[in-house]
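Student: Same order as they appear, the protein sequences are chains A and B. The first sequence runs -9 to 358 under the working numbering. The second sequence runs -9 to 358 under the working numbering.
Since the hints were derived computationally from the structure, they do not count as laboratory data. No residue lacks a Cβ here, since even glycine has one placed at the ideal position from N, Cα and C. Where hints are given, some of them may not hold.
A few chain A residues facing chain B, derived, Cβ under 8 Å [as the list claims (entries may be wrong)]:
1. A30
2. S34
3. P59
4. V63
5. L67
6. M74
7. Y146
8. S281
9. C282
10. D285
11. Q288
12. R301
13. E315
14. L316
15. Y319
2 protein chains.
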Amino acid sequence: MDLQFQVLATDPSCGARYGRFHTLHGEVETPAFMAVGTQATVKSISPDELHDLDAQIILSNTYHLYLRPGSPVIKRLGGIHRFMHWDRALLTDSGGYQVFSLAKMRKIEEQGVVFQSHLDGARHMLSPELAIRIQLELGSDIAMCFDECTPYPADYAYVRDSMERTVRWAKRCRQAHEPSGQALFGIIQGGVYLDLRRICLEKLLEIDFDGYAIGSLAVGEPKQAMLAILEDLPGRLPRDRPRYLMGVGTPEDLVEGVRWGFDLFDCVLPTRNARNGMLFTARGNIQIKNSCHADDDQPIDPGCRCYTCTRFSRAYLRHLFMARELLAYRLNTLHNLHYYLDLMARMRVAIANGDLLEWHRDFHAAHR
Amino acid sequence: MDLQFQVLATDPSCGARYGRFHTLHGEVETPAFMAVGTQATVKSISPDELHDLDAQIILSNTYHLYLRPGSPVIKRLGGIHRFMHWDRALLTDSGGYQVFSLAKMRKIEEQGVVFQSHLDGARHMLSPELAIRIQLELGSDIAMCFDECTPYPADYAYVRDSMERTVRWAKRCRQAHEPSGQALFGIIQGGVYLDLRRICLEKLLEIDFDGYAIGSLAVGEPKQAMLAILEDLPGRLPRDRPRYLMGVGTPEDLVEGVRWGFDLFDCVLPTRNARNGMLFTARGNIQIKNSCHADDDQPIDPGCRCYTCTRFSRAYLRHLFMARELLAYRLNTLHNLHYYLDLMARMRVAIANGDLLEWHRDFHAAHR
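Kindly generate the complete structure, drawing on both the sequences and the hints.
Tutor: So this is what it looks like as structure tokens:
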């Protein structure tokens, strides 16, 4: 499906763009951060809370839902939106990343990847065709091509062969995909090798996707290698298709990605760190378990307007966390997601105003 | 503090009464069920959700808050209401029950109970005076006397001596209590021995409390022994003071307690069972993990208007529970608390209409 992506404003001082695309489940303004809802739930958060946070799009994981409860179950129950009571946009990954990071065993063949479930050790094969069928059954608004997430470090020959297979898989994904309300994005691989990234990009453009993602970044490579790719690829991508920087990242990474012209991001950082008691603030991060918060009547961030900060003190949040109370994980998650989504909203405004670089300097100054 | 308890209606066919009392944190209509917020949080639930459930009073535990984070901390932060952002009524128990059920070691002396914390093994002594001081520091609307929760079974001589000590402790609690916005309730002990219960009741009436509770019921004694006490004691208690049946119980127990003229109840059953996947419905209980729910598009209870039932299917709730997702515990808890609070609301209406016994028959018929 054509997302009718429109660039509404471009920052004159850098590649950043403020845009908007359409799905069967509403509009998405970009740059956008997608909260990760691995098992058809953003951990600890209700769909109403995601609404209140003004989340316009979230992400869910094909690998997890394929294993449990199974995409046929979700299809019978009306698709993932109805299943989890989420009426806005949703992107599913292809399962590629999880097959490489979570499965107990994996064997890459031309046909697909044979792996053992991390839940019960059962053998499965995930292929481009199956990854697409699962995503069609889930009924997400944006599906991703099945790819090999190349590890870091990996030698040139391995990364080249892997990238070429990812391109062959991308063709099979495109062919297996069916006309529906679902868009399909291609994923550019090639590790830290810029020439391989460029070749992959060119070949994916020939296949023609509704959007383009960059995979296997922020997997341990030097920051400089990542930056070289962020600087180079956006200019080679069509202006009228969303660009998705997968699995990124820290607030600083997001700011960097936006600056170079990326439109979509996802990361477990705000949600996972929240559950570990690490909270983001405009002046840097805090560990809520630290004893300095035991008597502190202030909110996490005095300038924050989130549900948590407008109601609860650091002392109470520390108490909940130390007592391992379930409410701790929710309140921390609400705050961190608010921080991330507010960061994106503020960048959208800065781009529309044409002063992202100035905003960028202020952002870094506050964090130092 | 005088709660200005008013009996607004009495069911002509039984001892049940519909009433209302006042606290500094709002009115409470009775009969009322208090959700248990052990560590200054009803597990998995936010104060806003308790509001939406129309909870007018909740309970919190002195023992837990004394050990962590400590009542002086909560006092410095403005009291328990401000600490946990709860602006309605709150009752604290005295810690007596937890000292007997949770502490690693306990030694009962006339002065109080020496025990070891279940958290770190540290030695503490909880006395009537300390239990009152902690509750004053917490700033609850209703405080409970420090008592010995007599075990079942226990022989007559032990229960008599224990009850007499509980009465002496009750006198000390009354003396230690300070004029404030806080009411103080006495606790009737005496095990399964009706004569000891009556003696205890008489002695507590002489001391004069703002309300009267019955402790150490539903601790394993035969149903018949419990019923004998429920039938006998209410008629001996003053009409203008709330009657609190502590730690009770199942929906059936609540209906029984209301019928005999009790006004307040608390129990971990709806919240704990929710976290274990056991859900209450008008037609009996269900285990959400059972595979029969895997494909079931229906809500937990088609007649229920709770947050969970109006949004989510049994299939989704089962998926969350099997995947151990944090949202499972919250959605289950919201449903079970709605069931309990709605049950109380329906009984209040039935009493006001003077047809509780008829309602009672229908309730049991639906459950069979």
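Student: All hints, please: hold or fail.
Tutor: Going through the hints against the structure:
1. A30: With a closest approach of 7 Å, the A30/A hint holds.
2. S34: holds (4 Å)
3. P59: At 5 Å from the nearest chain B Cβ, P59/A passes the 8 Å test, so the hint holds.
4. V63: holds (6 Å)
5. L67: holds (6 Å)
6. M74: This hint holds: M74/A lies near chain B, its Cβ roughly 7 Å from the closest one there, short of 8 Å.
7. Y146: violated (40 Å)
8. S281: violated (11 Å)
9. C282: violated (13 Å)
10. D285: holds (6 Å)
11. Q288: Hint violated; Q288/A Cβ to chain B Cβ min 11 Å, cut 8 Å.
12. R301: holds (5 Å)
13. E315: holds (5 Å)
14. L316: holds (4 Å)
15. Y319: Hint on Y319/A: holds, closest Cβ of chain B at ~6 Å, below 8 Å.
In summary, the structure is inconsistent with hints 7, 8, 9, 11 from the numbered list given earlier, while agreeing with the others.
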